[in-house]
Amino acid sequence: MTKLAPVLSAHWDERDSFTIAAYTRHGGYKASANALAMEPDAVIQLVKDSGLRGRGGAGFPTGMKWGFIPQGDEKDHYLVVNADESEPGTCKDTPLLMANPHVLIEGCIIACHAIRAKHAFIYIRGEVTHVVRRLNQAIEDAYKAGHLGKGIDVVLHVGAGAYICGEETALLDSLEGFRGQPRLRPPFPAIAGLYARPTVVNNVESISSVPAIIANGAEWYQSMGTEKSKGTTLYSLSGHVNNPGQFEAPLGITLREILDLAGGVRTGHKLKFWTPGGSSTPLFTDQHLDVPLDYEGVSAAGSMLGTKALQIFDETTCVVRAVLRWTEFYKHESCGKCTPCREGTWWLVQILRDLENGVGTEADLAKLLDLCDNIMGRSFCALGDGATSPITSSIKYFRDEYIAHLTNGGCPFDPVKSTLFSGANA
Amino acid sequence: MSYTSDQLQVMDAIIKRYPRSRSAIMPLLHYVQSIAGYVTNEGIELIAKLLTLETAEVSAVATFYTQYKRKPVGEYHVGVCTNTLCAVMGGDAIFAALKDHLGVENDGVTADGKVSLEHIECNAACDYAPVVMANWEFYDNQDVSSAKELVDSMRMGSPKPPTRGPNSLVTWKEASAVLAGINDGKANEGLQAGEPTLLGLKLSKEGK
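Protein chains in written order, with our numbering: chain P, 1077 to 1502; chain L, 278 to 485.
Hints are supplied without guarantee of correctness; some may be wrong.
To be verified - Computed footprint of chain P on chain L, listed as stretches where at least three residues anywhere in the stretch have a Cβ under 8 Å from a Cβ of chain P: (1) 313 to 327; (2) 381 to 395; (3) 401 to 407.
What the hints assert, rightly or not - Here are the simulated lysine-lysine pairs, DSS-like style, with alpha carbons at most 27 Å apart: (4) L/K293 to P/K1226; (5) P/K1124 to P/K1106; (6) P/K1346 to L/K479; (7) P/K1226 to P/K1194; (8) P/K1226 to P/K1079; (9) L/K482 to P/K1413; (10) P/K1079 to L/K293.
Said to hold, decoys possible - Short derived list, chain L residues pointing at chain P, Cβ under 8 Å: (11) Y280; (12) S300; (13) I302; (14) M303; (15) P304; (16) L306; (17) T332; (18) A333; (19) A337; (20) T343; (21) M366; (22) G367; (23) N412; (24) G477.
Think of the hints as simulated: they come from the structure by calculation, not from any bench. Bear in mind the structure is a predicted one, so any value in this text is a computation, not a measurement. By construction, the Cβ of each residue, glycine as well, lies at the ideal position given by its N, Cα and C atoms.
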């Protein structure tokens, strides 16, 4: 049985956990003071040695990303923190920043020192007013305490409702004051990022993991997790479970173990399908309860660890309805730059609506898969790729259910049964 | 509508946050929205002038992002999450009930100007589903009757406080100012975390 290992979440249960007083009470800002006394390259090496990998979805080694920033180039360098948490099911950075914004600021100081940047920007989604307040206050307090403003500045930049801005190059365009649309790579942000300067873009959880690594050492971090997926991470459990919530555990824990901690799937029901890392990661079913939830384990089982957003759906949920809704989301959020994604997601919605309403034909399933084939890998960014994941995986595991919509002349499910207030209050 | 010198000073300070002025376009749009309640043509013209851009360049940005409104919304703008997980768990039923209860469609505003309604995408609070937002503050674990009570309280002029947010709900304009980066002094109000956020930590302390 894997034991939970709260590091990021260790002090969230203290009533004032978000204040600078609480953060310093637990040794906050000591790691950054220590890091500032180290050679920048030594900080990068330490983070490399820790094995920390990006927590925003892709799992790229954080220290290696920092190492790509050219040195001695006399250009301004930038750190950009991606706090545009919007992937459906993903809800880890928002509670982290609500409960402890200072850990991110301290991580920014350390990362800026390592990559020789004087400026960090935190790009947060705009739909979380109170988190914006907490982060703004924390930045103000860090300036007052002298942690910021002595060579390193942090600016909070608030988005305005666009999923695409979670994609790092669209985020950079947005931060430069344009519509958020992805850029063609290369050049990668490490060479030409914000204002065409060398830029590191990291997720909130990745940067927030750094202070503890500096404080406790690479070996300590390496001691947790699996062979290639080191450390602890936040798993966010939601949906048809008795007790949803955040579970910080070493990488490699399984859904079976987390469900056990959460009191299981909602009483009287059974697991039907779930996402391991948000809606852009191919669906899993009850066959995947024992897949180790680390980068390699999930990938070997045909999906992606993504943001560790474990969305659980029980047998009352219509998979076609679920997939249609996600597809409508991708269509709405497609920025419109690349034709396969812009047009493709539109057609996916039309066909799925027909199927959900029972007016399609079995040939539409082949057409859906063909469309997915023509969207996958054909755009500047991965939004369109993500749109295909729920479709191809649901057809793989639940083809019969699509067919049942056709033979039934519509959806065979009662949507009331899947609500939390099933019937009584609906 | 003309802008006061105090407002122009705030906008100047917003521009100075950035190494390059164009980056200030988004906070400036949030700020003009906080003054008029939506992004007016005057607001776009002013931002264009301040940043030496064409108005079309500012409009192009303003119309790309869904949080910038080009027409007035309610004093309390209510968003019901109807992305898959919330929808399945009750968001669809809540949204349908609120449309009926308020007599408005998606993006509609009540005649008294108090409440506007919008269906929204995933708002990063899935462990609190079904989620309703008002002026982008969290109202967690909603059902049809709690959501109706919430909008009724808004129309009576005494909105219920958010479940994870400040002690009282600020207005749409006030919230827009916060998003422009203006400190309203309420950061220390409200919970540090709700129960689901703390579940793993609690279990860990029990030896799990």
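Violated constraints from the hint list, given by number and in increasing order:
1, 2, 8, 9, 10, 11, 17 and 18
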